[in-house]
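Colleague: Sequence:
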Amino acid sequence: MSWQILGQALGMLAAGLLVTVVLSIALPAIRDHFFPHKPESEYTYLIQAQGGKKTIVVMPPDMPETEQQELMRRAYSQLSLPPQSHYAVPMPDDSASLWKMRRHTTRLVQSDNAQAIAIPSEIAYTRPDIELDIQRVGDELRIRPRQPVQ
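So that you can map any letter, position 24 of the sequence shown is 24 in the working numbering, and since no number is skipped, the others follow by simple counting.
Please note: incorrect hints may appear among the correct ones.
[Claimed, not checked] Listed next, with one range per pair, are the computed distances between beta-carbon atoms:
| id | residue 1 | residue 2 | range |
| --- | --- | --- | --- |
| 1 | 16 | 64 | 46 to 54 Å |
| 2 | 8 | 65 | 28 to 36 Å |
| 3 | 17 | 67 | 47 to 55 Å |
| 4 | 30 | 8 | 27 to 35 Å |
Calculated directly from the structure, the hints in this document are not laboratory data.
All figures in this text were calculated on a predicted structure; none of them were measured in a lab.
Virtual Cβ for every residue (Gly too), placed ideally from N, Cα, C.
Kindly produce the complete structure, drawing on both the sequences and the hints.
Modeller: As structure tokens, then:
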């Protein structure tokens, strides 16, 4: 092995490391530019349903945690999402975090209703100024605050 080959190998190794560092710095900026962070990502909760179906609950970011927990509890009961016998639905209490409720298996009851179901705000949670929309998108249910009619 000659010194020239060793120098070329070390040069290629250094160039590879430099490219890796540049990409690790540039890719997050490119990702954030083309795929901006949605604020709802921080208050979106996923309930995994039997057979791979999912229920996504989207809550307002300014909602207090006690109301968020109440909304999750009511979402289970109003949507008829009882747990399977060997999976307990974690009922929220003061010490429980919603992150613990984020993923678990439930049974999803099919509905012959239309694509969107409105839940009156008085049974959804304690903020009477916000109503919820439930929309079926493919094999997912999306629950989010209803947009005001303009």
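Colleague: Please name the hints from earlier in the document that this structure breaks, with their numbers sorted from lowest to highest.
Modeller: 2
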